[in-house]
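Chemist: Two independent chains are provided; combine them into the complex using the hints.
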Amino acid sequence: MARLNAQNVERAKAVIRRYPRERSATIPLLHLAQEQDGYITPEAMEHIGELVGATAAEVQGVATFYEMFKHEPVGTYLIGVCTNLSCMILGAEQVLEHTEKVLGIKAGSTTVDGMFTIEEMQCLAACGGAPCLQVNYRYFENVTDERVDGIVDALRNGRDPEGQSIPPHGTLSNITLPAPTTPADRERPEEIHPAPQGVES
Amino acid sequence: MTDTAPAKTTFTITVDGKEIEALPGELLIAAAERGGTYIPRFCYHPRMRPVGMCRMCLVEVVGPRGPQLQPSCMIPVADGMVVDTESPTVKKAQDGMLELLLVNHPLDCPVCDKGGECPLQDQTLAFGPGESRFVEEKRHWEKPIDLSSLVALDRERCIQCDRCTRFADEVAGDPLIEFMGRGAYTEVNTFPDDPFASYFSGNTVQLCPVGALTAKPYRFKARPWDLDQVESTCTSCSVGCRMAVQSSNDRVVRLLGVDVDPVNHGWLCDKGRFDFEASNSDDRLTMPLVRTGDTLTESSWGVALAKVTEALSGAKDRHGAGSIAVLGGARLTNEDAYAWSKLARTVLGTDHVDAQLGDGLPAEVVLGLPRATIDEACSADLLVLLTGDLKEELPILYLRVRGAVQDQGLRVLEISPVETGMTRYAAASVRAVPGELASAVGHDTAKALLQGAGKVVCVLGRQSVAESADAVMDAAAALLEAVPGVTFLSGLRRANVHGALDMGLAPGVLPGRISLADGREWVGSTWGELPAEPGLDAHGILTAAAEGKLQGLVLLGADPLADFPDRDLARRALAGAGTVIAIDAFLTASSRQADVVLPAAIAGEKAGSTTNLEGRVSRLNQKITPPGTARADWMIAAELASRLGGDLGFESVAHITDEIAAVAPAYVGITSAALLSSAGFDGLLTGGLHDAHHEGPPSMGRGEAVEVDAVAAHGDNPTVEVRDSSPAPDQPDPSAGSEPHGDESSTAEAEAILAGGEGDHVEAVQKSAEAGESVATRPNRPAVLRSTPTVTRRAVPAVDGYSLRLVASHKLYDDGTLVQHSPSLAPLAPGSVVRVNPADLERLGVTAGDSVRVTSSRTALTLTTQADLGVPRGVAHLAFDQPGPGAADLIDAAAPVTDVRLETI
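Line by line, the protein sequences are chains R and V.
Here the first sequence is numbered in this note's numbering, starting from 1 and rising by one per residue.
Here the second sequence is numbered in this note's numbering, starting from 202 and rising by one per residue.
Isolated chain V (complex conformation) (with noise of 0.2 Å):
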């Protein structure tokens, strides 16, 4: 071949007599099986290196001397490449491989967990020879032993694929299993006293082609022919990861990782493996609670929900709809966020509804800063962390970041106020204490590397709940300043947080990332007379009801107890609020002090979509029944609603997606038919801000828009499937009431946007408003909103002299609901340790290990000290949300900061 020729685009090998089109560069192995031909393989995964450990998928690859065994995922494809996968030799090298893979591997396939779903049973049926001449004894070892608290191993079974170490090595960074030894005696194992305590561990259980590696919430607990599955999306953080959630005996025993390309390439944190035990737990809400005296005692869904009828429209009559809040959300679906936004604006009257918990970012920054997606923000020339330790925060979008940066040669500029889990992959880490966030922006090393990067993405968030999210908006604000062209990728961790946002759940915006005031006359349409003036975001809700102001809160699964950075004012807000409403699925802290509480669902008991944090809506399934009598927050607020003399006219979850998909600007075309299409597979990205910096009108994200397209158009009214609970009998009437744009009205307009095109949303809405139906007198769509941080410059008092400044940031294992009612996670919660600088330690005279007072403006605490030199001097670093007395106790959440004394006892 000569230089000037041009290079090939794709070569076609021949595969069994089979012609089929290869890429250059793939390997042998995954040309043949995108081709149809799968070859087996034990050791090899498209997500990890290829190591040729296995030897079994050996095939013959014609060569200059004749055809020759070579292994076909340590091969790249060549043009012309002639192979066979079926010939004598092949059949006769799979026969040995796998009599060989035998010789060690015990037969006790009828009590191993994988028995049934084990590659190497299926293998060695479909590929085996069927026969051993062995008939010496097996290599035996102790079984199992523990790798960590969560994974179990055999090393009897192990067939070293080198699976789990590849994994634990190359995509987790926690190489703490490795092979020991060497010959017949290699094990996989840790070193001792050193657990295995990655928080991607279970990953290596799903990858174990063996029985070797087992779950221990999974040990024995279920047999593959007895699971029933569904796939359905992660909700423990907002990254979203797919899943497939299986089921016995309407039980979730197991959670897996399902690969998609744009999100979680098939891997789950352990949190999100793990964390399905809660609903399983004792500890669930199967019954409404009342109130009667200092205790709450069950009752049934009549008494409960007359007393909260009766509540609401007794403080609305007598103090005005100013005195309802409602508070939470991001553990909702989409369709339980948008239908209590729908409740609390129209029914109810107020716009006091935030689902952050003063630990997130102003609403109208988070959905109207211009956006990145997860794969823009690894493709990015340099990608700026602006947020918490995404290690702990979002794991999985720290693998996506971490694999950029090994794989790619990703950039990253961390600007943090103590070491993370990302410092060591950073091409710099600025540390910025506490009220110096935005200057260091403007750091040299920060400059250094900001100058000349062409896409800057930046990941923006909360890195300490103990600073005000004022700083980090003037961050914000001075890294747009000097990148103007910079995208955001919300670092907001809570599960869905965004569809809630997105859904309204957020004072002054209303569903689509529209503000009130833009949004009025639009939503008005649908929803009817919506609330004057923007409400009050969560620290004024608090700050209200401890004033006594408010009559009727709502808690929709939130703990402002545990959640909220201040617990003293939530404490005041709590006993100063006429009635408190909690809608959860456990007893929280807060909910004990409720009035009445109704039992929710949670994922896996209830179907509807979700939003991540890239903006992709993807669809959650049900797999199991809600415990008891507990239902999908939407029903609640459908009954609710009807009881309080309204109708939000909902009868399916589909339903509501529809009219989400019609009446919110951003999610135009994501209706419950466009979800359930192939396109939906990998999540829809909701529309708006993604196109910010492109031509052409904001529309449903790339290319997964024209498939929506085709589906949106040519479906010949898709019948939808969404499982969802039969209607409880106190269900709103259906035929009660018509609402101004029913199912059918609202599918036809968002396909007539659909076919609209390329035009502009405004004309595409003209043009439905010409094929007639009610939607001629509804007025323009308004814009997503776009905005940009507001700068406040808040001013910091300079720390004094014998004060720690206090930065208080998450943990992957907290105190929170799901995590502590899971018997496997509960114990990984860290607690709260003073980590603080060596130096500092030394200064004020206090060994590490030591329990020391921690004294701030709101009280004084007794915590055990740990040195730690990723804590900068005169920083004093706490986990949030641990069990116990912590940094909520310490946090006034007016302050801008917190500063803390530490005093030896």
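Bound conformation, chain R alone (with noise of 0.2 Å):
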């Protein structure tokens, strides 16, 4: 289950031909094996190092740089509540304290059927709507407790809260562009890539 499915494997493939060089594929195939599984195995870690040409070190390496890339299971709703200076200013303290009242969880924790987990978060990037937060990376600004309590709500029953729809958490974006032409030589096994330029001491 772990390493990339036979149907994630052409899509990995996919992926890999529209960069010059393979390993440029990394984060894409990361957000590839996070659809799959919902967080990032150690398993996939190996098999997209296998696919793009790098060990399993280097692909860990860059995996657990990204805040997005989860290495644990988490919910099908991934919430993040801002707290930083201008959400934390207009009330952020009191939306995240209620929305963990809500689902009776803490931040940086799953409901136990595993639909919600919290998140608190740094700048989004969004203080002219603060405070706000992320269901799954869609915002949602100058949140209420009144407002928290319809999108837990809907979610719950599976509509789109406030007319957004939000793909479960890891789902990645159906558009899909042809792959551009592969240059002549890309496949070519006695090609060197000439390494960046070093400066002699």
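Don't take every hint at face value.
What the hints assert, rightly or not - No more than 27 Å apart at the CA atoms, straight line, and that leaves these computed lysine-lysine pairs for DSSO-like:
hint : chain 1 : residue 1 : chain 2 : residue 2
1    : V       : 508       : V       : 750
2    : R       : 70        : R       : 101
3    : V       : 339       : V       : 417
4    : V       : 339       : R       : 70
5    : V       : 339       : R       : 106
6    : V       : 344       : R       : 70
Hint data in this document are derived by calculation from the structure and do not stem from the laboratory.
None of the values given here were measured: they were computed from a predicted structure.
Modeler: Set out below in structure tokens:
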């Protein structure tokens, strides 16, 4: 399960073909793995390393750098509440406390039914709409306790909260573009990629 | 500046008011250091790409908007650049950086191995604020964790300078450690269950600017201020990396790489770095052993040497000098090898000597082919690899070649029976199963690369000991035919095998790369009478011993039962030889069967010189005392000679070095004084064939010659300070006997030759002859050997449909004496596993991982299989010399190839 399945391997190969170097596809493939499993498993990182010609350690280095890659299972809906300056001044702590109360969990944990995870976030770059939160990276601005209740209620009942369609965590965009034409010499085994210019001392 | 302005060759920059010269493209931090201004740094390392991670090297550079703080490791110098490294702004930046670095760095210096030699400690003292405003709890990690079985990591001490991770990726090509996480929780780590199993992991410990990375063999063994050190040369393989040997309480505790430009760039492989553990082993021989019945019992040197003398003189008197043979010598220093070569040829009178154990190439070819240096190999237009896996056999040469591929676009053509560590870096890798090596040189891919390539260098060695060396000779001949100007770098892997061959420890050759025939008069004028005919090589010696034709067999650190490709023959030889005398540091499989075992000193315990694969001679220095009564091999040779009624005439190591310089044509000028000079720091290239393609006389190599010249010509009788054990009581009396060419005359002669400068050697010798002295009667100095590979085109039988052709090659960690007596390295030997192409496994109905019976014409073994796409179809691959039964049991050294059958059990 944890390695990419056959269908995703095909998608991965198509993604890799878009880049002049295989390893440039590391981040897109991590998204693919997260879509498949809901989070990034060690097996997926090994598999991605094999696909892009990197060691598993290199893939893990990338995967642990970016906050949006999760290394443990998270709920179907990841609620990120910003508690940075602008939001805090406008009541973010109350929003977070209320969200925790509604879902019965503390920030950083997941409900037993696997539906929700709460995260306390750094600035989400929506200060103009503070306080703000994200559900699976979709924005909700100027949130109040009542709106939190409404969002949670809609998600629990399979409705779009406030008319926003929110796919489960990890789902990638459905928009696909055809891969650019492969340069003729891409597949040549004897190709040596010139190393970045080093500075001789 | 206009387009026509000539590019400046040097820039002038001002650092702290002082004008210094800098090279275009040079980094400011490096230029300043050359000019005498040290800028503090943690992440910058001259052998790696700059990253600007640590910000410690911030300096003020005057720009259009006035002075600006800039990281000096990231900016190349510009002409007229004005730099301030000591301004209040710079000082404030340094204070700030150190205060921030120390926010999370624990102050456990008193219990940290790095304490006392720690760049963070030193630079905090020199440049730091002295106080921290930080009062909060520091970051905590589990400490320490294992990155591999050799290296431990304390993440709390790590300052994220990126040196180890950059080294692993950029230099070693094993990016198995990476930064994980981000921000304050960034850590260096491996992937879970995927350890940092790089052959070069020890370098990260040396690179670490704090105590985060520690090598397990050194952890808590010593404090830096207790260490005493001496510079020396690594003898774990034939690359000859320079290193510092550090000891505490007369035990070697650590080896550190020393940066020399032509060889190792400061790196060491883990085998070279950690196999010093063997010198501290409790299994070391400390007393001579003499056989009584079935057991070897400790004895005195007097008794043991008397026994050896009796056996050897008896053998010579009753059966002739041809009944004595000397096998081995690659562990020896040049001086040891020279002494044994002289002892064998003169006192014993035999030419049955061979430093190789049937696992190398014919000596006259190794010595006589036109040569290339490592630098030449790395700057060639095409590098042809006709040798074993560089990563396994010559790891630092692998780093150099890999670096040249990555950074300079070196093109590599690999011709190999199986995939190697170099394959992924090769422009083309041609698979040549045993029997097809020579024809692979004419393969279309190979031909395409060879055609039109300008300078071609070939690394020539033995790819598989299961295939006769004739195949390599045929391939080298085919290459010479295709590219007549090709030069060769020897790929023979054993420690000082090149020095041993150069000293004449091979049948038919004399010291200095001359043949017995050519050098008879020249060497004979110093040595006396020499054997009439060229003797037997290792295969011949062991065959003769097995047939009962040898009465005396001396093993000079040789373990034919482990190292000779054909264990059955080695076993019969040891049983059939009259008296077997082993000179070794440990009891090995072979020395356990000897009649007398004499304990020898090993690297670190004796002084001398060693010659690497490119013919570079560098010094070995003594750091510790040999255990018990063990002593250097040359002393044993000298003592034996005097007991046998001869006299080698040696008084000290320096004395032998100077005699080599006088007698061995390829070693002219490589005197003990020259090796001690500043020019000798990088090692001195031996003369001869490096110049095969250049005009002018064959002389010592390259630029070094100039300085050596100066030293030899102007050196006012420099004192030789080669550290040497005080002579043992039973040393030959220095006053006894007078040899024809003492120290002074030989030195005078070498100087005369050097003073002759550009003239021919012969002329130079004549000049020195005119100067008087006993040299007047000496014959002409012969030219060094020039040879071409002997083409045999030996018929190789076709492999039958049921068999696979065996390839047996060396791994870095094997059943070798030093590895097995180094507790950290011994478990790393991979063992004998049959690697086969998955398609062949399927055809044979074997599941990978199952045990199979492997049958050759010699015997049948039960071994585990492993599927490997790097092994071509029709081939079975085994690592050679692994613990337990293995390849050596299957190989018949007389056959051109070895075929094996795999059967399920």
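Chemist: Take the hints in turn and mark each one as holding or not.
Modeler: Going through the hints against the structure:
1. A threshold of 27 Å between alpha carbons decides the hint, and for residue 508 (chain V) with residue 750 (chain V) the separation of about 20 Å falls inside it, so the pair holds.
2. Straight-line distance between C-alpha atoms of residue 70 (chain R) and residue 101 (chain R) comes to about 24 Å, which keeps the hinted pair within the 27 Å bound.
3. For a cut-off of 27 Å, the pair hint linking residue 339 (chain V) to residue 417 (chain V) stands: about 26 Å separates their Cα positions.
4. For a cut-off of 27 Å, the pair hint linking residue 339 (chain V) to residue 70 (chain R) stands: about 26 Å separates their Cα positions.
5. A hinted pair counts as satisfied when its Cα atoms are at most 27 Å apart, and residue 339 (chain V) with residue 106 (chain R) qualifies at roughly 25 Å.
6. Restraint check for residue 344 (chain V) and residue 70 (chain R): the C-alpha separation of about 25 Å stays at or below 27 Å, so the hint holds.
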